[in-house]
Amino acid sequence: MSNLQVSNLSKRYGKVQALRDASFSLEAGEIFGYLGPNGAGKTTTLRIILGLVRATSGEVRLFGKSTMHAEERAAMGFLPGELRLYSDMTGLATLSYFARYRPERPPVLREKLLEAFGVERSVLSRKIKFLSHGTKQKIGLIIAMQHDPDLLLLDEPTTGLDPLVQQAFRESVLDFARRGRAVFFSSHVLSEVEAVCGRVAILRAGGIVAVESIDNLRGKMLRRLKARFRGAAPADLARTTGVTSAEILGNEAVVWVQGDVNPLLRRLAQADVENFVFPEPELEDIFMSYYREGKGADA
Amino acid sequence: MLNLFRRLAARHAVFVIVCALIFAAFEFLICALVSTIDIGAALKELRKSAPPFMQSMLGEEFFGNLTSRGMLAFGWNHPMAVALGAAIAIVLASRAVAGEIEIGAMELVLSQPLSRMKYLGSHVAFALAALSALSLGGAAGTTAGQSFYSLRVFESSALLKLSMNYFLLQCAWFSLTLVFSVFGREGGRVSGAAFLIALLSYIIQVIGKLLPAATFLLPYSLYNYYSPQAILIESKSEASSFSVLFVFSAVCLGFAAWRFQRRNIP
Numbered sequence: 001m002s003n004l005q006v007s008n009l010s011k012r013y014g015k016v017q018a019l020r021d022a023s024f025s026l027e028a029g030e031i032f033g034y035l036g037p038n039g040a041g042k043t044t045t046l047r048i049i050l051g052l053v054r055a056t057s058g059e060v061r062l063f064g065k066s067t068m069h070a071e072e073r074a075a076m077g078f079l080p081g082e083l084r085l086y087s088d089m090t091g092l093a094t095l096s097y098f099a100r101y102r103p104e105r106p107p108v109l110r111e112k113l114l115e116a117f118g119v120e121r122s123v124l125s126r127k128i129k130f131l132s133h134g135t136k137q138k139i140g141l142i143i144a145m146q147h148d149p150d151l152l153l154l155d156e157p158t159t160g161l162d163p164l165v166q167q168a169f170r171e172s173v174l175d176f177a178r179r180g181r182a183v184f185f186s187s188h189v190l191s192e193v194e195a196v197c198g199r200v201a202i203l204r205a206g207g208i209v210a211v212e213s214i215d216n217l218r219g220k221m222l223r224r225l226k227a228r229f230r231g232a233a234p235a236d237l238a239r240t241t242g243v244t245s246a247e248i249l250g251n252e253a254v255v256w257v258q259g260d261v262n263p264l265l266r267r268l269a270q271a272d273v274e275n276f277v278f279p280e281p282e283l284e285d286i287f288m289s290y291y292r293e294g295k296g297a298d299a
Numbered sequence: 001m002l003n004l005f006r007r008l009a010a011r012h013a014v015f016v017i018v019c020a021l022i023f024a025a026f027e028f029l030i031c032a033l034v035s036t037i038d039i040g041a042a043l044k045e046l047r048k049s050a051p052p053f054m055q056s057m058l059g060e061e062f063f064g065n066l067t068s069r070g071m072l073a074f075g076w077n078h079p080m081a082v083a084l085g086a087a088i089a090i091v092l093a094s095r096a097v098a099g100e101i102e103i104g105a106m107e108l109v110l111s112q113p114l115s116r117m118k119y120l121g122s123h124v125a126f127a128l129a130a131l132s133a134l135s136l137g138g139a140a141g142t143t144a145g146q147s148f149y150s151l152r153v154f155e156s157s158a159l160l161k162l163s164m165n166y167f168l169l170q171c172a173w174f175s176l177t178l179v180f181s182v183f184g185r186e187g188g189r190v191s192g193a194a195f196l197i198a199l200l201s202y203i204i205q206v207i208g209k210l211l212p213a214a215t216f217l218l219p220y221s222l223y224n225y226y227s228p229q230a231i232l233i234e235s236k237s238e239a240s241s242f243s244v245l246f247v248f249s250a251v252c253l254g255f256a257a258w259r260f261q262r263r264n265i266p
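In order, the protein sequence lines correspond to chains E and W. Take the first sequence: its position 60, counting from 1, is numbered 60 in this note's numbering, and each next residue is one higher. Take the second sequence: its position 239, counting from 1, is numbered 239 in this note's numbering, and each next residue is one higher.
Heads up, some of the hints might be wrong.
[As the list claims (entries may be wrong)] Just some of the chain E residues that point at chain W, by a computed CB distance under 10 Å:
| hint | residue |
| --- | --- |
| 1 | H69 |
| 2 | L83 |
| 3 | L92 |
| 4 | A93 |
[To be verified] No farther apart than 30 Å at their CA atoms in a straight line, the calculated lysine-lysine pairs in the DSSO-like style are these:
| hint | chain 1 | residue 1 | chain 2 | residue 2 |
| --- | --- | --- | --- | --- |
| 5 | W | K118 | E | K65 |
| 6 | W | K236 | W | K48 |
| 7 | W | K44 | E | K127 |
| 8 | W | K48 | E | K136 |
| 9 | W | K236 | W | K118 |
| 10 | E | K129 | W | K48 |
| 11 | E | K112 | E | K129 |
| 12 | E | K127 | E | K112 |
| 13 | E | K112 | E | K136 |
Keep in mind the hints are simulated off the structure, nothing from the lab. Glycine is no exception: its CB is placed at the ideal position from the N, C-alpha and C atoms.
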């Protein structure tokens, strides 16, 4: 039985199709990435799973049951994308307030998470309105994780966190999965999903473009390399293994490569390279990969 | 449910207690005025110089034929007393859903193992407790004032009935505002609309009492079903008024619950 099973989920707001036929499942011990740009339908999916928004069609099953029962949410933890807490409560009162909704699942991980995220006691005694955005985000994460939920739903969880805390957060999420918990990780940042997720659904304009393992995704990923040469750029770059296309303009070349980059790097080593830039792939590059693939299939 | 109720109490208790104390102090002050100033005589003079259509208002309708007991009853009909109750009812209802969505906390709260019915039920239970405290605060103020200034004390059953009438009126405002609230996303706009309707209702009531040609408007004002003079002076049962307010509140609450169960959050 899957912890979360989403089947043909669609949501329409008037004339706007926010989500179209989304299907995926999430097993125990898995970290599932939900990757898409802003407005792609990630938050809508999460809200439907939580029963906050009614789907136009499709079905969500949590632990094999319908999502509409409040009791099912006791085994879940959720961090909203736009976290808002009660400004008049202290940090500690906020953690306790949300913990009291689950008397049968005490906040067993609270102390560990406070330490991991570097939240000091003195900070917890301050009212939420006096805390920084990053500290509020840490409190939001602890609210979601403190009761050791079986299913953790995170919407853009690293927003506002400094790199050290991001690392601590990743370790906590990996620890959750090691202990058999399922994590649904929604984000628009590819590198962050790539770092922790085993599988990923790629979402664009309300539709799931693909559900892939991270390894497959890396293999399909179309990456861009820019190189400047002393003298003219080699004319045979486009014929190098793995290169899908190359634009050569004088002594500069922009090369698109898919899969193994070693043949290209070996070819470049034979040329007189002055400089080259091989940036982290962006979400749009991935979409481009799938768009090209789709077009190829259509043709 | 108890968790949310406690949270509401922590958030609103000071506001509710201060309002109840102000209401009690106001009713006590009315007793002080009645015992120290011959307001009846002053109003009789005022009444003589008033236009004919206002003479009735300054007599039977609002001041109970200008007796000291009529003046005390007027303390419950005074715009200040009426506005205080409406303020609590409207503020609590507008914050319950639209206000919570506006501050952005609703999504996180409803992602907890808390059903929407329990969420709304907690808000309704807290509002009923707050409005009871306010009504009893007013009754305590009147009773204390009458004892302190040696005025003839109203029968406790009549005062209790009046408190109940006042309570039901505010419940009606709470329920109506809650209907707006479950449709809305901004607490300020919901409370603004509700205050406007309460004001309009009050104006309809005054016009209906002043102008015989406008009497037909009276049943459309909620204030028409709130009668301190009739209960305290004439000892009328006012069961029909109670029923109207009760049914109105129940229908509005039922509709609000039905709608809230189906709306998207936020």
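Do the hints match the structure? See the list:
1. H69: holds (8 Å)
2. L83: holds (7 Å)
3. L92: The hint is violated - L92(E) has no Cβ within 10 Å of chain W, the shortest such distance being about 14 Å.
4. A93: Result: holds, 9 Å to nearest chain W Cβ.
5. K118(W) with K65(E): With Cα atoms ~21 Å apart, K118(W) and K65(E) stay inside 30 Å; holds.
6. K236(W) with K48(W): holds (29 Å)
7. K44(W) with K127(E): violated (57 Å)
8. K48(W) with K136(E): violated (66 Å)
9. K236(W) with K118(W): Violated - the C-alpha atoms of K118(W) and K236(W) are around 38 Å apart, more than 30 Å.
10. K129(E) with K48(W): Violated - the C-alpha atoms of K48(W) and K129(E) are around 59 Å apart, more than 30 Å.
11. K112(E) with K129(E): Measuring from Cα to Cα gives roughly 24 Å; hence the hint holds.
12. K127(E) with K112(E): At roughly 22 Å apart (the allowed maximum being 30 Å), K112(E) and K127(E) satisfy the hint.
13. K112(E) with K136(E): holds (17 Å)
In terms of the numbered hints stated before, the structure departs from hints 3, 7, 8, 9, 10, listed from lowest to highest.
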